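Given the coordinates of chain U, assemble chain D onto it according to the supplied hints.
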Amino acid sequence: GENVEQHPSTLSVQEGDSAVIKCTYSDSASNYFPWYKQELGKGPQLIIDIRSNVGEKKDQRIAVTLNKTAKHFSLHITETQPEDSAVYFCAAVVNNNDMRFGAGTRLTVKP
Amino acid sequence: GAVVSQHPSWVICKSGTSVKIECRSLDFQATTMFWYRQFPKQSLMLMATSNEGSKATYEQGVEKDKFLINHASLTLSTLTVTSAHPEDSSFYICSAPYASGTQYFGPGTRLTVL
Chain U
1 GENVEQHPST LSVQEGDSAV IKCTYSDSAS NYFPWYKQEL GKGPQLIIDI
51 RSNVGEKKDQ RIAVTLNKTA KHFSLHITET QPEDSAVYFC AAVVNNNDMR
101 FGAGTRLTVK P
Chain D
112 GAVVSQHPSW VICKSGTSVK IECRSLDFQA TTMFWYRQFP KQSLMLMATS
162 NEGSKATYEQ GVEKDKFLIN HASLTLSTLT VTSAHPEDSS FYICSAPYAS
212 GTQYFGPGTR LTVL
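Listed in order, the protein sequences are those of chains U and D. Note that our numbering numbers the first sequence so that position 22 is 22, with each residue one more than the last. Just add 111 to wherever you are in the second sequence, counting from 1, and you've got our numbering.
Next up, chain U with everything else stripped away, as it sits in the complex (with noise of 0.2 Å):
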């Protein structure tokens, strides 16, 4: 089956720098790739996905890209702010409803 391997488990950074997240999947077959935050005590909350046909989608301060050769894709978050400290999860899904997480990394947006 599928396995996604997120990188890093934790990351800090200043307020308004950048935060990269990457994650890697196995399964050549997965076509759509969400990205969910998830903060303290609530259910994830979709930021931004993409899907196998497009490499880059960008929403405000948020991007992801997707290397389908590579299997890889990645979050890009620019201009940091404290709001956006929280769990993110990457997510490969498989014929629409087969959906594998990453293991999250912890954000944490010093001010």
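FYI, nobody ran anything at the bench for these hints, they're computed from the structure. As the structure is a computational prediction, the values presented were derived from the model and not from experiment. C-beta: ideal position from N, C-alpha, C; glycine also. Watch out, some of these pointers could steer you wrong.
Claimed, not checked - Between beta-carbon pairs, the in silico distance windows are:
no.	chain 1	residue 1	chain 2	residue 2	range
1	U	E15	D	S165	43 to 51 Å
2	U	D17	D	S184	42 to 50 Å
3	U	Q60	D	S194	42 to 50 Å
4	U	P8	D	K175	33 to 41 Å
5	D	T168	U	Q14	22 to 30 Å
6	D	S194	U	E15	23 to 31 Å
7	U	R51	D	K131	30 to 38 Å
8	D	T128	U	T69	47 to 55 Å
9	U	L40	D	M156	16 to 24 Å
10	U	P8	D	R221	45 to 53 Å
As the list claims (entries may be wrong) - Below, a list of computed lysine-lysine pairs in the DSSO-like style, where the Cα atoms sit at most 30 Å apart:
no.	chain 1	residue 1	chain 2	residue 2
11	D	K152	U	K110
12	U	K57	D	K152
13	U	K37	U	K58
14	D	K177	U	K42
15	U	K58	D	K152
16	U	K42	D	K131
17	U	K42	U	K57
18	D	K125	D	K152
19	U	K42	D	K152
20	D	K131	D	K166
21	D	K131	D	K177
22	D	K152	U	K71
Just chain D, lined up with the frame of chain U:
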């Protein structure tokens, strides 16, 4: 985005009792819903796939007789933890696919078994 609700948001129960958690898709229909379990500082682990009108599909290692799932309608799935024990204490989260793989999650239910 689509909205998924869960009820209750937290529950405390005595060991040996059963607890039911509801997951609802509020503004869309979902023939499939997913149940996850999350321990502190860990990722989400898929427990089972809930299918409307048919039996749930459980992940390996998840006891189907302990975690009963019922998908009674296109907007409601329930997870019942039967004969709960302290080791069942966890954060339970459901999700529902809205369109072409886009899954929306509920706010989660914190279960504490004394």
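For this session: Kindly confirm whether 42 to 50 Å is satisfied by the beta carbon distance between Q60 of chain U and S194 of chain D.
Result: Given a distance of about 48 Å, which is inside 42 to 50 Å, the answer is holds.
Exercise. Does K152 of chain D lie within 30 Å of K42 of chain U when you go C-alpha to C-alpha?
Worked result: OK: K42 of chain U and K152 of chain D at ~13 Å, within 30 Å.
Exercise. Taking the beta carbons of D17 of chain U and S184 of chain D, is their distance inside 42 to 50 Å?
Worked result: holds, 47 Å
Problem set entry | Given hint K152 of chain D paired with K125 of chain D - CA-CA distance at most 30 Å | holds, 25 Å
Exercise. Between K152 of chain D and K71 of chain U, is the straight-line Cα distance small enough, at 30 Å or below?
Worked result: Within the cut-off at roughly 26 Å; holds.
Problem set entry | Outcome for the supplied range 47 to 55 Å, where the beta carbon pair is T128 of chain D and T69 of chain U | Holds, since T128 of chain D and T69 of chain U (Cβ atoms, about 52 Å apart) stay within the stated range.
Exercise. Given the proposed pairing of K58 of chain U with K152 of chain D, does the C-alpha separation stay at or below 30 Å?
Worked result: holds, 28 Å
For this session: Given the range 30 to 38 Å, decide if the beta-carbon distance of R51 of chain U to K131 of chain D lies inside it.
Result: holds, 36 Å
Problem set entry | Holds or violated: K42 of chain U to K57 of chain U, with C-alpha atoms at most 30 Å apart | holds, 26 Å
Exercise. Taking the beta carbons of L40 of chain U and M156 of chain D, is their distance inside 16 to 24 Å?
Worked result: Because 18 Å falls inside the window, the suggested range holds.
For this session: Assess, step by step, whether the Cα of K131 of chain D is no farther than 30 Å from the Cα of K166 of chain D, and give holds or violated.
Result: Since the Cα atoms of K131 of chain D and K166 of chain D sit roughly 17 Å apart, the hinted pair holds (cutoff 30 Å).
For this session: Assess, step by step, whether the Cα of K42 of chain U is no farther than 30 Å from the Cα of K131 of chain D, and give holds or violated.
Result: holds, 19 Å
Of the numbered hints listed earlier, those contradicted by the structure are 5, 6 and 10.
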